Structures are given as C-alpha cells and as structure tokens.
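S.K.: Letter by letter, the chains look like this.
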Amino acid sequence: MTWGDALPWLVALPWTGAVATLALGARGPRVAGGLAWIVLIATTALAVGPVLEVARHGPFSYALGGWPAPYGVELRFDHFSAWVLPLALLFVLIVPFSWRYLEGTIPHERQAPFYALLLLNAGAMIGFTISADLFNLFVFMEVVSLSSYALVAIAGRGLAAWAALKYLLIGAVASMLMLLGVTFVFVLTGSVNLADVTARLAAGVDPVPAATAIALLATSFLVKAALFPLHVWLPDAHAIAPSPVSAVLSGMVVKIGIVGLIRLYQLAYGSAAFEMAGVNMLLVWVGAIAIVMGAFLAMVQNDIKLMLAYSTISNVGYIVMGLALASPYAAIGGVAHVFNHALIKVTLFLAAGALIHATGFRTLTDLSGVARAMPYTAATMAIGAISIVGLPPTAGFVCKWYIALGAFQARQAGFGFALVFGALLIFVYYVRMLNALYFKPALHDAVRNATEVPWSMRAPMLLAALACLVMGVLGGVPLSFVEPAVLDMLPAWGP
Amino acid sequence: MLFSVGLYMIIAKSNLIKKVLGLNVMQTAVFALLVTSGMIDGADPPIRTAATSAPFANPLPQAMVLTGIVVAVALTAVALALIVQIHADYGTIEVDELKEAP
Amino acid sequence: MRSVSFRSFALIVVVVLISVPLVVTVASLPAHGTSDAPAHEAVASRYVEHGAEETGMTNLVTAVLLDYRGFDTFVEVVVMFAALMAMLALPRGDLDQDGTPETGGDALTAEGSGVEVSPVVFYVVRTLAPFIALFAIAMLYRGHVSPGGGFQSAAVLAALFVVLTLVLGRARTERLLGARAQPWLEGAAPLAFALVGGAGMLLGGAFLSRPGHGGRSPGAGDDGVRAGGRHRGRRRGDPGPPVPDGGALTCCSSASTWTTWRSACCSPSGCT
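The listed protein sequences derive, respectively, from chains E, X and R.
Residues in the first sequence are numbered consecutively from 1, following this note's numbering.
Residues in the second sequence are numbered consecutively from 1, following this note's numbering.
Residues in the third sequence are numbered consecutively from 1, following this note's numbering.
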C-alpha cells in the first residue's frame, strides 16, 4: 500500500458517507449530523498522509482502474493538492456549527439531505483538487456546483430559490464553456489528461483554437471564482444561504475556480504554447479592479453577510492578481492566500451566523452593541476582521505582504499600491463593522439580552479564530509549502 | 452557432423556462461538436463483433458525451424544480415581474 | 419601448462578439472525419485496438465508460445523486394548503393538485405500461451490441415511472417500489461504485480496477466488476448471460434515475 491508494478514498469516503447519511438520517437530524462529522474527521485524517508524503518526496500519482495515465483517469497529488487538508479540516469545523444552527432554520426531515449535500460538496472539491484529467475536472466541477446550488436553495422559499436559480443558470453556462474548452482541447490533442495535453500542445498545434480553448476554460473558472465582472451571481447566493453554507461557498467553493486556474497555468506554462504575458496583464488589471470594486461595494453594505460576500470578491481579486503578476513572490502569496482567505472567511461567516442565530438580525444597524451580550462571537468577528485587513499578527498579513512584494518584483509597483489601497478600503469597512458591534448602543432588546450561542457553535468559531492568529505566526508554513510548486510552475523568471 | 442561439436565449428571454431551454440548446451544441470529433468517415460504430470492421469511430468522445448528458439532465431537473418553487411563491416566472416582486 | 429594443440590440452584439471567435475556432480545428486527425491518434487507438481484449467488453464505448474511465462514471453517478439530494433538500409541503399551484396547464402538477387526468390517458398508460417495461428490458439485452448501448433502456424505464407517477398518483407508484427502501435505492449507484472500487483494491489492483488485468488472477472480483458494469443498467456492456444480482442492481440504478425524476416532478405537488 502506498499513499496513492488513499487518493480515491479521499473522494469515495465522503461520498459513501453521503449515501449513509441520507439513509440513516431518517432516524433524526442528530444521527445525520453526527455521521457527517465522523466521516469528515476520517477524511481529514486520511488527508494527512498524502500531504506529508508530498512534502517529503514530492508529487505522486495514482492510476485509476490500473490504466496508465493517458488511457485511464489519473489522480495526482502535488503541492497544490495539499489544499485538501485545510479544506477537509474546515468542514470538520463547519458541521458541528450547523448542528444547532439548523434548528429552527431547516425542518428536520430536510436536514439529512443537507448533510449529505455538504459531504458530496466536500468530496467533489477534494476530487477536483487532486484530479489530473480535464474531463474528470469537469465532472467534479459539476458535482461541486450542483450541490452548491442546492445548498443555496435549501435556505427557504422564494428569494433563496431565485438566488439559487440565478447561480445555477450562470454556473451552467460556465460549465458549458468549460466543456466546450475541453472539447477543443480534445479535438486538438486527442487527449484529456493534463500532463499528456501539455506535452502534445508543446509539440505544436494550431495556435488559434488552442488559445480559444484556454480562454474558454479560463473564463469558466473565473466565473466559478467570481472574479469581478463575472461575480453577479455571488452576493445573493452567499448572503441568502444558511451561514455554514455561506462559509463553505465563500471560503471554499469559490476557490475551486482558483484551483482550476492554477491547473490551467500549469498547462499553459508547461506547454509554452502560448504567449501568457498579455493574458496576465489583463488578469492583473481585472484583479486590481476586483480588489477595489469588491472592497468598495462591501463598504456600502449594511447586511453583514452581503458585506462578507463582497469582501470575498475583493479577495479573489488579490489571489488572481497574485497569480497573474507571475513573479515568484506574488504567485506564492496568491496561492497561499487561497488557504488563508478560506480560513478567515469561514471564521467570519461562522461568527456572522452566530450573531444572526442568537439575535435574529442581520444588518449592522440592528446588530450594534451586540458585543456586550456576545463577547466570544464579537471577539471572533474582530480577529477575523483584523486578519482579512492583513494587519501583521494574523494570517492575512503574510499573503498580502508577499503579493505586494511580488508586484514590486514584477516592476509593477502601481499594482502594489492598488493592493494597499484595497486593503485600506477593507480596513475602513471592517472598522465600521467593529465600531458598530462594540461601541454603538444597542437598538433592540433582543440584541441587549442576547445569549451567547451554545458551545457546539462557539467552539468551532473560536478554533477558527485561533487558527487565524496561529497562522499569522506560522504564516511561513503554507508559503514554504507552495513555494517549490510555484517556482516549478512559473516559467524561468529573470532577475 | 447552436451554442450562440442557446446563449442568446439564456440572456434575452425573460421567461425562466425558456432560459432553461436555451441552456439545453447550448449543451446540445457542445455535445454535438464533441461527438462529431470522434467520427471517421465511413467508420463502424465502436462495437467489436463479427459484423463490424475497422475503421471504428473513436469511443472516447461518445463516452464523454454520455456523461455530459447525464450532467445536463441533472442540471435541468434542479433548474426546473427551482422554477416550480419560484412560481409557487411569486406566481410568475417572468424575470421582469420577478424583479419587482421581492 | 426604446430601452427594450436597445437592450436586445446590445444583446445581439454581445452574442455575435462571443460567437465569431467560436466559429473561427471551429473552422480552424483540424479536419475531422479522417482517421489521422489528432483526436484519433492520441489515445483512441489503444481503446479501439486493444479495448475488446483488455476489458472483455464488446461495446468499446462501454469499455471506455466503465473501465478505462470508470472513475468519470462514478462521479457522474454522484452528479445524479446530488441532483436527487437537491430535490429532497428543497423546501416543499406547504403548497397544498394555500392551494397555490394554479399553474395554467402545467402538466407536472396535475397529480399533486388533484387535477383530473383524462380517462383516455389513464387507460392508455395503464395498458401500455407493461409493454414499455418489456421494451426497456429488451433494449437492455440488445444494448451491448447495438450503438448507444443500454443507455436508452434505463431512460425508457425511468420515463415509464415518471408517467406512471403522473397518471396514477404517487401513492400507487410508491407501492410498486416500497417507500422504506427508497433512500437505499437512491444511493445504490454511488454505493455500488464505491464497493466495486474497494473490491478491486482489496484484490490487489487499483481503485475500480478489473482484477485480472495487469497479471493478477481473475477471481471472485471479476464478478464484482461485471456487476459494476451491469449495475448502471443503462450501459450493460459485458457479453455472456446476465446474472441475477446484475438484474437487481439494474433495477436499483433505474430506480435511482427514476426517483430523481419523480422528485423533480413532485416537488411542485407538495408531497413528502
């Protein structure tokens, strides 16, 4: 047995768990929630092995069905795939938070499907991260998307269904763009295995269809990642979904688009069949605009969840800009921010969920002064906010620092300033939020007399906040992890 | 072209059902392109029996299209269910009217 | 009015702008229809030349689908399962009280909202049902040697169940399949894949591998994988007489397809 054998189970385990959750969940939501949690803990434990293995010996592959790579489907665990560990771990935090949160939000008989969908979603995202096959990526993407649509719609009637449908229509068009891109790639190369395609593209093909194919794939991934002009589906969907789901969507599902983009970069750089400079320039600009616009739109929101949703758009801008600057520092920072932003966003959304759960209000105005009644939750919120602004002792700082360094390294100092400006805007709106939570007098009795959420919700939230702080100190860990992979991916970088 | 027609329908039609139909048109376009890519003029279907002989059509795109169709079915089913819900709540499935509703 | 026509004009421009590069791309693709196009050179030759021996399946599409790229199909089954979960997760049930489904002629809600089904439709469906089922099963048998495989078979069967549910009402169809077994039926397809995958691994191969391939001795696992080949029902691929468990699994898979559709149809009707 090698660690390769564990790879298919990283996917199959949560999925099998989903079936079991549905079937046994009929005995009550507690059974379903508990089972989902156990399955996710097992998955996380299983993910530790491959991550250590890749840190020690480098990337490794697994040929499914025993068919060698271009013929069968290949799973490949490289440094970027290490993302599956924090991903599964965050799910472990989110599920217990959902136990109590769902009480009163979702009727009992629909809670088993809820957990099953969460598990499907987790498994599919893990699969997407470790798959090395374009068509397989497409199918995984579909499972991720489909379960996300459902998780948005689960919140209730009317608005939720409408938000989910918007999400679905845009997502489905993006999926078809992706499949069209895969089709072009297949017609050009006759293969859908990433490594094989890279080699065949490098051997020389007609540049026009190849460029279209890459453009289609990139567009599709960027829609899924909600990069600024393609973000329209995100705020509604993320704000309306139940808070644990928002955490999943904002923290992780959006990152699937980024992971796809990273795979695409590997393909494009690896084959050297394209002139990437122009594309990168475009993406850097778009990323910069996304940072500022996202931050600006977040600033004018009063609904905390909408605010967090727009802040995601801004942060996706950071990540894309980091990748597209294509200088080592920026790219490393961008990739590491995938992880850090996920952690921070989960923290924030869980805290927001706790506030909403305890008080029933969701706008800053209504929630003002809540810190006195709910000190733990407010502290979590504060830590999350400080992290996302990127102040030094926290997780957000290191990445943004790297991206800014990278901007200077790429001799694009202007974008470094865009980044700092974006951070300032973000700072403004989070200060506004903290000000409301801590220093304004409470408007409602419900806020004044709110009781802190139960421990099953408090503990995951506090753990996530703690992780934000710890990652600030250990910020080098994710950075050093992705460093070799990023340097390997980027084309030779001049001084 | 079919892809464009579908795309136009999705954007332009205000009726949600028509949007979903547009999506289906678009999906069909991609599937058609994908499945023709595996074709060879005068080839037999890729089934190895005594009655068939080389050249065979490429089985890979056919397999991918089958998978794609299932994905499309699943998407359509969920979309329709959502539309039904929207209709039940708002009594309309026209986007223009929905915008005024909430 | 003006704004509306301006909007549709702008839309047409956008769509044309997107379409032109696509059309140019399609035109500049390597010529297809000849056997030396890249699409046929890369991996297809192995499937075509050795597929039959390596997998033991006559229908090469099935060989690709269930063996070479079996993992894709696993994921695909899960897509179906996710759609089903979506149906189950959607809020429903309080529709009948407010009597809302006043869906002008929407056939889907006919059964749930108590709309009368025309007697003609009722009798035609009831009379034809066994024949449709028979036809589906016949297609399943012929599937592996005719183009398209058994895919349509399950589609027909699933459609039959949908029609039955619509016409006869949910209660009677439910009696046909048993309500308690439902979650297991729904999950049967992904479960079976995971089990088959695990079996392949235990028997010394890889996940979803066919024991016997790659120098390992064929054993009990062979049946397992065959059943895996068959349990999809839609694309039964292996030659030789069907075994009973294969038939049962076929039903599971059709049932899971069916249930998906049924849920799709019935979420409006507000049944639980």
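Be aware that one or more of the hints could be misleading.
Calculated cross-link-like contacts (lysine to any residue; reagent style SDA-like; alpha-carbon spacing at most 25 Å) [as the list claims (entries may be wrong)]: (1) X:K18 x R:F131; (2) E:K440 x E:P484; (3) X:K18 x X:A32; (4) E:K166 x R:I132; (5) E:K166 x R:I12; (6) E:K166 x R:L128; (7) E:K166 x E:G369; (8) E:K440 x X:A29; (9) X:K18 x R:L128; (10) E:K440 x X:T28; (11) E:K166 x R:I18; (12) E:K440 x E:P328; (13) E:K166 x E:Y269; (14) X:K18 x R:V16; (15) E:K440 x E:S456; (16) X:K18 x R:V125; (17) X:K18 x R:I12; (18) X:K18 x E:L306; (19) E:K166 x X:I69; (20) E:K440 x X:T36; (21) E:K440 x X:A32; (22) E:K166 x R:V125; (23) E:K166 x X:T36; (24) E:K440 x E:V232; (25) E:K440 x X:I69; (26) E:K166 x R:F9; (27) X:K18 x E:V232; (28) X:K18 x E:I170; (29) E:K166 x R:F131; (30) E:K166 x E:V300; (31) X:K18 x R:L17; (32) X:K18 x R:P130; (33) E:K166 x X:V35; (34) X:K18 x E:D236; (35) E:K440 x E:V420; (36) X:K18 x R:A129; (37) X:K18 x R:I18.
Sample of chain R residues lacking proximity to chain E, with all beta carbon distances greater than 10 Å (derived) [unchecked claim]: (38) L88; (39) Y123; (40) L134.
Keep in mind that the hints were calculated from the coordinates and are not lab data.
It should be emphasised that the depicted structure is a prediction, and the values quoted were computed from it without experimental measurement.
C-beta atoms are modelled at their ideal positions from N, C-alpha and C, and glycine is treated no differently.
S.K.: Look at each hint and say if it fits the structure.
M.R.: Here is what the structure says about each hint:
no. : hint            : verdict
1   : X:K18 x R:F131  : violated (34 Å)
2   : E:K440 x E:P484 : violated (48 Å)
3   : X:K18 x X:A32   : holds (21 Å)
4   : E:K166 x R:I132 : violated (37 Å)
5   : E:K166 x R:I12  : holds (21 Å)
6   : E:K166 x R:L128 : violated (40 Å)
7   : E:K166 x E:G369 : violated (35 Å)
8   : E:K440 x X:A29  : violated (57 Å)
9   : X:K18 x R:L128  : violated (32 Å)
10  : E:K440 x X:T28  : violated (57 Å)
11  : E:K166 x R:I18  : holds (21 Å)
12  : E:K440 x E:P328 : violated (44 Å)
13  : E:K166 x E:Y269 : violated (34 Å)
14  : X:K18 x R:V16   : holds (20 Å)
15  : E:K440 x E:S456 : violated (28 Å)
16  : X:K18 x R:V125  : violated (29 Å)
17  : X:K18 x R:I12   : holds (17 Å)
18  : X:K18 x E:L306  : violated (30 Å)
19  : E:K166 x X:I69  : holds (21 Å)
20  : E:K440 x X:T36  : violated (65 Å)
21  : E:K440 x X:A32  : violated (61 Å)
22  : E:K166 x R:V125 : violated (37 Å)
23  : E:K166 x X:T36  : violated (31 Å)
24  : E:K440 x E:V232 : violated (32 Å)
25  : E:K440 x X:I69  : violated (55 Å)
26  : E:K166 x R:F9   : holds (23 Å)
27  : X:K18 x E:V232  : holds (21 Å)
28  : X:K18 x E:I170  : holds (14 Å)
29  : E:K166 x R:F131 : violated (41 Å)
30  : E:K166 x E:V300 : holds (23 Å)
31  : X:K18 x R:L17   : holds (22 Å)
32  : X:K18 x R:P130  : violated (34 Å)
33  : E:K166 x X:V35  : violated (29 Å)
34  : X:K18 x E:D236  : holds (22 Å)
35  : E:K440 x E:V420 : violated (28 Å)
36  : X:K18 x R:A129  : violated (31 Å)
37  : X:K18 x R:I18   : holds (21 Å)
38  : L88             : violated (4 Å)
39  : Y123            : holds (36 Å)
40  : L134            : holds (31 Å)
Consistency with the previously given hints fails for numbers 1, 2, 4, 6, 7, 8, 9, 10, 12, 13, 15, 16, 18, 20, 21, 22, 23, 24, 25, 29, 32, 33, 35, 36, 38, ordered from lowest to highest.
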